[in-house]
Amino acid sequence: MDSILILTILVVIFALAFDFINGFHDTANAIATSVSTRALKPRVAVLMAAIMNFVGALTFTGVAKTITKDIVDPFTLQNGSLIILAALCSAIIWNLVTWYYGIPSSSSHTLIGSIAGAAVSAAGFAILNWEGFIKIIQALLISPFLAFAVGFLMMSLFKVLFKNTSLYGTNKGFRTFQIGTAALQSFTHGTNDAQKAMGIITMALIAAEWQSTDDIQLWVRIAAATAMGLGTSIGGYKIIKTVGGKIMKIRPINGAAADLSSALIIFGATTIHLPVSTTHVISSAIMGVGSAQRVKGVKWGVAKKIVITWIITLPISAILAGVIFQILDLFF
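Each residue of the sequence shown is one higher than the last, beginning at 434 in this note's numbering.
These are calculated hints, taken from the structure and not from any lab test.
Remember, it's a predicted structure, so these values are computed and weren't measured experimentally.
Wrong hints could be hidden among the right ones.
Lysine-lysine pairs mimicking BS3-like chemistry, simulated, CA-CA at most 27 angstroms apart [to be verified]:
1) Lys605 x Lys474
2) Lys605 x Lys592
3) Lys498 x Lys568
4) Lys568 x Lys502
5) Lys568 x Lys737
The calculated label-pair distances, taken between Cβ atoms and stated as ranges, are [what the hints assert, rightly or not]:
6) Leu480 x Ala582: 29 to 39 angstroms
7) Gly613 x Tyr533: 25 to 35 angstroms
8) Leu651 x Val477: 22 to 32 angstroms
Cβ atoms here follow ideal geometry from the backbone N, Cα and C, with glycine treated the same way.
Using the sequences provided together with the hints, build the complete structure.
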């Protein structure tokens with residue numbers, strides 16, 4: 434069998450595996466607050482998230498096209514299939530390690546860092562599409578700060594609007610409202626995160642010269658959406674525990690404010706075709722909400738560990754992908 438065909442098949446398999454892992458790794462963030470406040474039972478939340486992720490993944494393709502062409506140019510990429518395979522191996526390894534330890538790291542950071550690292554390992558820094566790459570990095574860096582600010586403002590607004598409402602009434606109302614915000618957040622997660630695997634598969638098809646445009650084929654969209662939906666159905670209870678309770682003690686009003694804030698940021702990024710880290714956005718929104726409620730109520734030690742993981746993910750993934758590429762290059 435032709436080596437390009439073998440590599441392309443492997444890329445498709447690993448990309449769908451990445452999407453599956455992303456489903457139980459990152460989607461846990463989308464339903465963490467609704468589970469921790471008991472607005473939804475874990476199994477119900479996971480099932481709802483799986484359905485909404487699937488729907489969201491099929492709805493948009495702009496982010497997928499950004500991943501396809503804005504980090505490196507797939508039309509001029511030498512050893513493209515091998516580079517993409519190395520990147521996927523690196524991203525999957527880092528996702529599994531952080532999932533095992535319950536650390537809400539960013540699948541977006543690890544994938545983008547891995548693509549860049551594998552490409553640089555193969556052809557040097559000149560291979561990067563610097564304009565597009567910097568635009569993506571800016572989106573990844575700015576979005577958590579926006580989420581923190583929006584979360585802070587959203588919670589401040591809720592405090593004013595519901596200051597004369599009893600605690601019982603507020604909790605009951607927002608616990609019901611959280612069902613909607615959790616569904617919305619899962620939908621927006623699908624519109625952004627599932628697109629990344631679609632972009633990767635499309636890169637591989639272009640590199641193998643089986644596709645001449647950056648259009649996302651229907652079978653790619655369905656396959657990626659299905660993989661993420663199935664992954665979501667497995668659940669990610671270790672991540673739920675960290676995001677849903679270790680950053681701050683979350684009440685229904687806090688959870689609703691955090692869900693709504695992060696969904697706005699993620700969907701806003703999707704509409705302008707930019708990939709963002711749903712992990713970063715959701716965690717930052719929770720910190721913003723907690724700061725508006727009571728600064729001392731946020732467990733900043735846990736938040737610090739999460740932020741450190743954010744910072745180290747991209748360079749570690751890049752180095753790991755570069756090493757994996759060199760190893761794979763010996764065999765193909």
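Comparing the hints with the structure gives:
1. Lys605 x Lys474: holds (15 angstroms)
2. Lys605 x Lys592: Distance of about 16 angstroms is within 27 angstroms: holds.
3. Lys498 x Lys568: Roughly 14 angstroms separates the two Cα atoms, so the pair holds.
4. Lys568 x Lys502: Since the Cα atoms of Lys568 and Lys502 sit roughly 12 angstroms apart, the hinted pair holds (cutoff 27 angstroms).
5. Lys568 x Lys737: Distance ~26 angstroms between Lys568 and Lys737 Cα, so the pair holds.
6. Leu480 x Ala582: 29 to 39 angstroms: Because 32 angstroms falls inside the window, the suggested range holds.
7. Gly613 x Tyr533: 25 to 35 angstroms: holds (32 angstroms)
8. Leu651 x Val477: 22 to 32 angstroms: The hinted range 22 to 32 angstroms holds for Leu651 and Val477, with Cβ atoms some 30 angstroms apart.
Comparing the model with each numbered hint stated earlier shows that all of them hold.
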